[in-house]
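K.L.:
In case you want the letters, here they are:
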Amino acid sequence: MNLFKIAWRNLWRNKRRTLITAASLFFAVFFAIIMRSMALGTYDLMIDSAVRQYSGFIQIQNKEYWKEKTIDELMTNSDSLHRLIENQDGVVSLLPRLESFALASSGNKTKGIILQGINPLVDDKMTGLSSRLVKGKYLTEADNGVVLAQRLSSFLELNVGDTVVLLSQGYHGVTAANIFPVRGIVKVPNPTLDNRLIVTSIEAAQDFYGASNMLTSLVVNIESKYDIDKVMAKVKKQLEGSDLSVLSWTDMNKELKQQIDSDNGSGKIMLAILYMVVFFGVLGTIIMLTAERKKEFAVMVSIGMQRFRLSVLVFIETIFIGFLGMLAGLIAAMPILLYYANSPIRLTGEMAKTYETMGIEPLMGFSLQADIFINQFIIVFFVLIIALIYPTIKIWSFNLINALKS
Amino acid sequence: MKKILVYSILILGIISLMSMNLMQENNDLSAKEIIDKANNNRFGNSSESVMDMTIVRPKWTRSITMKTWTLGKEYSMVIITAPAKEKGQVFMKRKSEMWNWIPKISRMIKLPPSMMSQGWMGSDYTNDDMVNEGALVNEFDHKITKSQIWDGTDCYVIESVPRENSDVIWGKKISWISKDRYLPLKTESYDEDMYLVKTETASKIKEMGGKIIPTLFTIIPADEPNQKTILTMKSIMFDEKITESFFTQQNMKRVK
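Residue numbers (my numbering), protein chains in the order written: chain A, 1 to 406; chain B, 1 to 256.
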């Protein structure tokens with residue numbers, strides 16, 4: 001207890017030294033938190049727009065489907081399968097999907113599109129498609145109309161109430177051709193999908209492709225994306241020996257996963273460099289501090305202070321400085337994080353175009369995940385411990401007489 | 001005397017060379033004639049027929065019923081009559097163009113050249129097969145290579161190589177044509193690298209529509225195991241009164 005009091009007073013005996021050391025830690029923690037939060041927040045947004053709003057985190061498919069993704073390798077939609085999977089922990093709902101390519105035509109304009117047949121009510125709870133309606137109405141149960149992505153609708157010059165002609169090859173080579181009324185237009189955040197997505201009810205899609213009661217996939221909607229591995233393992237176990245396979249979003253969207261991994265890796269290297277610089281800064285002040293206080297230490301030891309207690313004292317002082325810097329950094333970063341976590345930064349100009357060509361919505365998000373902060377605290381703590389090795393050795397080994405004389 | 005002998009030998013030599021040349025041409029002509037005759041035997045001057053097409057795949061099979069009209073080598077029209085989902089779809093070939101009418105979406109589609117090598121209605125027939133049937137006679141050079149017994153029938157084996165500037169997608173075709181009735185019993189199609197692409201065979205020869213013709217056709221692609229397309233002739237009438245004006249876009253929307 002006494003030691004803490006002495007350490008605290010020691011800190012303020014030389015305010016400038018304390019503040020300089022704390023300031024370098026403050027900047028390190030401040031930038032590290034912002035960098036990590038921004039990186040992780042942006043990944044979350046990327047995953048959200050590419051995965052949650054489209055493919056889902058886990059899909060059950062015919063084993064043969066993923067190789068060629070042809071409409072000839074479908075799976076049967078059955079109640080028993082639904083019951084089996086829905087009863088697993090962590091599974092919220094199952095979303096039947098029938099998805100394939102088609103040519104969409106209106107007037108003289110034609111474009112290759114993705115036609116997605118969904119169960120409008122169940123699907124909406126995961127993807128939130130209806131909340132992104134720009135015009136018209138959302139699909140109802142077994143609707144025979146379609147909802148168009150916004151950019152696609154402006155390319156085809158289609159409006160709510162118009163009809164769009166779809167043409168494709170269906171199940172087992174059947175000619176798939178039909179006319180669909182446009183019920184609504186939605187803004188899809190993912191630019192690639194916004195250019196080519198048409199959504200209809202699963203019944204209408206099955207009729208169009210001549211594949212009654214067949215699906216390309218059954219999307220497993222899960223409670224939290226952090227449970228993917230757990231739920232995957234359970235579903236896999238249930239489907240063992242069947243002709244169905246279970247895929248996670250990282251299997252289905254390898255590009256996004258790799259993009260995130262490589263960006264995350266370079267972010268971590270940047271962070272390591274930042275902490276390295278800060279480490280040498282802190283080490284420098286500590287070496288200076290030890291040299292300056294050589295005489296003081298010598299006096300303390302000669303009037304009866306144990307060297308062990310003295311080194312504990314220096315340890316406590318340093319940790320105090322560390323906490324001071326970290327707390328200040330956290331307090332300074334927090335308002336920024338809280339603000340942008342709720343309203344992500346929308347990029348414009350060249351940067352936005354770069355994002356769009358990669359098929360990502362040009363948004364920079366911020367994450368408030370607790371481990372971002374905990375990790376910085378742990379790293380700073382280790383930086384300080386390593387920097388403390390020098391003064392500790394000095395305290396244990398200095399020559400009393402020489403130090404007193406100096 | 002000696003001179004006359006030399007001259008006569010020379011003349012004889014020239015004559016024999018010329019006659020060999022003539023024979024060669026004769027031979028060439030007859031190969032083309034055989035192909036032409038075989039082609040005519042299959043379709044007549046004009047025809048109206050009902051056919052079943054069965055597409056066989058490793059995991060499934062599918063059948064389509066259709067009615068077809070042909071006039072010469074240049075014109076043909078096909079209407080799908082079953083299954084219900086595809087009923088009413090019409091394909092028309094006019095010279096080298098191919099059109100598709102889909103009543104459900106009221107669209108007339110001209111099949112682009114890029115789609116010509118794709119399967120027709122998901123079968124092993126390519127769109128090119130539909131359009132360029134007549135091309136076999138005029139755009140290839142033909143040569144009888146040998147005689148061979150195929151399926152119990154004595155056949156001419158004719159190798160056909162496309163002419164230099166013809167727009168044919170094949171490297172060569174080899175046809176087995178029966179000597180007695182000039183019926184095409186088997187055709188092998190090779191690509192530009194001379195790999196076998198597919199084999200078409202004809203069997204179940206019987207009288208139909210007043211002619212003796214094969215009524216069962218099978219196409220087997222070479223590189224897809226357990227996969228084939230079977231065409232069965234249900235009925236055929238030859239030399240019906242069909243004129244060019246039958247093969248129009250307007251009529252595509254009307255035919256039944």
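Don't read these hints as lab results, they were simulated from the structure.
Don't take each hint at face value.
What the hints assert, rightly or not - Taking lysine to aspartate or glutamate pairs in the DMTMM-like style, the calculated list, with each CA pair at most 25 Å apart, reads: (1) B:Lys-85 <-> A:Glu-157; (2) B:Lys-59 <-> B:Glu-33; (3) B:Lys-228 <-> A:Glu-73; (4) B:Lys-59 <-> A:Glu-141; (5) B:Lys-179 <-> B:Asp-52; (6) A:Lys-69 <-> B:Glu-139; (7) B:Lys-256 <-> B:Asp-36; (8) B:Lys-85 <-> A:Asp-229; (9) B:Lys-85 <-> A:Glu-223; (10) A:Lys-63 <-> B:Glu-224; (11) B:Lys-241 <-> B:Asp-52; (12) B:Lys-228 <-> A:Asp-229; (13) B:Lys-110 <-> A:Glu-157; (14) A:Lys-67 <-> A:Asp-229; (15) A:Lys-237 <-> A:Glu-64; (16) A:Lys-254 <-> A:Glu-223; (17) B:Lys-59 <-> A:Glu-157; (18) A:Lys-67 <-> B:Glu-33; (19) B:Lys-104 <-> A:Glu-203; (20) B:Lys-228 <-> A:Glu-203; (21) B:Lys-228 <-> B:Glu-159; (22) B:Lys-59 <-> A:Asp-143; (23) A:Lys-254 <-> A:Glu-64.
K.L.:
Can the restraint linking A:Lys-69 and B:Glu-139 be considered satisfied, given a maximum Cα separation of 25 Å?
P.N.:
Violated, because 39 Å separates the two Cα atoms, which is more than 25 Å.
K.L.:
Is the hinted pair B:Lys-85 and A:Glu-223 satisfied, with a Cα-Cα distance of at most 25 Å?
P.N.:
Not OK: B:Lys-85 and A:Glu-223 at ~41 Å, beyond 25 Å, violated.
K.L.:
Does A:Glu-64 lie within 25 Å of A:Lys-254 when you go C-alpha to C-alpha?
P.N.:
18 Å, holds
K.L.:
Going straight from one Cα to the other, do B:Lys-85 and A:Asp-229 come out at no more than 25 Å?
P.N.:
43 Å, violated
K.L.:
Straight-line Cα separation of B:Lys-59 and B:Glu-33 no greater than 25 Å?
P.N.:
42 Å, violated
K.L.:
Taking only the CA atoms, is the gap from B:Lys-85 to A:Glu-157 under or equal to 25 Å?
P.N.:
29 Å, violated
K.L.:
Starting from B:Lys-228, check that the Cα of A:Asp-229 is at most 25 Å away, please.
P.N.:
With a Cα-Cα distance of about 43 Å, the restraint between B:Lys-228 and A:Asp-229 is violated, given a limit of 25 Å.
K.L.:
Tell me if the straight-line CA distance from B:Lys-104 to A:Glu-203 falls inside 25 Å.
P.N.:
18 Å, holds
K.L.:
Given the hint that B:Lys-59 pairs with A:Glu-157, test it: the Cα-Cα distance must not exceed 25 Å.
P.N.:
41 Å, violated
K.L.:
Has the given pair, B:Lys-110 with A:Glu-157, been kept, meaning a C-alpha gap of at most 25 Å?
P.N.:
23 Å, holds
K.L.:
Holds or violated: B:Lys-228 and A:Glu-73, Cα atoms, limit 25 Å.
P.N.:
19 Å, holds
K.L.:
Is it true that the CA of A:Lys-67 sits at most 25 Å from the CA of A:Asp-229?
P.N.:
22 Å, holds
When the structure is compared with the earlier hints, violations turn up for hints 1, 2, 4, 5, 6, 7, 8, 9, 12, 17, 18, 20 and 22 and for no others.
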